[in-house]
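Chains U and C are the protein sequences, given in the same order. Quick note on this note's numbering: the first sequence kicks off at 1 and runs consecutively. Quick note on this note's numbering: the second sequence kicks off at 1001 and runs consecutively.
These are computed hints drawn from the structure, not numbers from a lab.
Facing chain C, according to a computed beta carbon distance under 7 Å, are these residues of chain U, among others:
id, residue
1, 6
2, 7
3, 11
4, 13
5, 14
6, 17
Okay, the calculated beta carbon distance ranges per label pair:
id, chain 1, residue 1, chain 2, residue 2, range
7, C, 1058, U, 44, 21 to 31 Å
8, C, 1106, U, 42, 52 to 62 Å
9, U, 28, C, 1089, 24 to 34 Å
10, C, 1058, U, 22, 16 to 26 Å
11, C, 1090, U, 42, 41 to 51 Å
12, U, 26, C, 1172, 47 to 57 Å
13, C, 1077, U, 19, 22 to 32 Å
14, C, 1081, U, 52, 41 to 51 Å
15, U, 16, C, 1171, 38 to 48 Å
16, C, 1118, U, 42, 53 to 63 Å
17, U, 30, C, 1171, 47 to 57 Å
18, U, 45, C, 1059, 24 to 34 Å
19, U, 18, C, 1063, 14 to 24 Å
20, C, 1089, U, 22, 29 to 39 Å
Glycine is no exception: its CB is placed at the ideal position from the N, C-alpha and C atoms.
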Amino acid sequence: MNPMDDVFVDLPPPPGGLRRLRSRLDRRRRWQAPALALAAAAVLLTLALPPQAPPPDLSPLLSTPSSPISVLPAAAGRLAVSEIETGTPELVHYRVAGVVSAPD
Amino acid sequence: MKQTGPAPGVPAPFDQARLEALYTRLERPVYNVVYRWVWSEEDAAEIVQEAFVRLWMMRDRVRLETAKPLVYRIALNLARKRRRWRRLRTFVGLDEQTTPAHAEAALLSAERAATARQAVESLPEELRSVMLLCHYSGLSYREIGEALSIPEGTVASRRNTALKRIQASLEEAHEPHG
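Assemble the whole structure, with the sequences as input and the hints as a guide.
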């Protein structure tokens, strides 16, 4: 035999190749369907959730007011103002409420 | 009249029956090419399977007429990776040297199989892939060029160089040692 023929000897693959390929494709198909369903459900869930509102802009509250806060003179005697502690020196909350006069 | 095939100019759909027909036709030649990269019956068979699974995953983008060079391209890439991985594992002592396939051992004596293997191993990767595809695949030079991303003319010149080197390697192996 020519030594070159030894290099190019035609080897048969192990038997059962097509059967193994079919079972691999079946396995893929079996887990692919649930995986696709799961991915689709995740997308739908994301789309169904209400859009998150952007957080309110609090920066104006943190700036120092240019003039002292005052209650409109016209409302004097009809409004009560009380200061609420916030723990932040730059931020002061005021509670404003109408004054109900007690019956005589 | 009932139409049985796709309309002229419309590519045939790539369904599982066609994949299986292609597999039946190409399993043996692809196996022979890949075996001479990894030198392991088990690895070569696994790579052939994996190449066809990957082709199946790409079926929406592949035309049946161009699938053949693509199968070889995928298989060669997988074989290269597996070979490097095996060499690394052998180097660090995790794997032992592979043994010849049962069929190879049945056809050739251990000495002849070793000489043939050494001759193929003496080739650099770019010559080996061309030589093996030219011999086993039945692809034209143009298709081999497509599979390996090289010009058609380079295929021919690499094939000639590879055969000369193989011949020289075999002659050297058969020279009486003095």
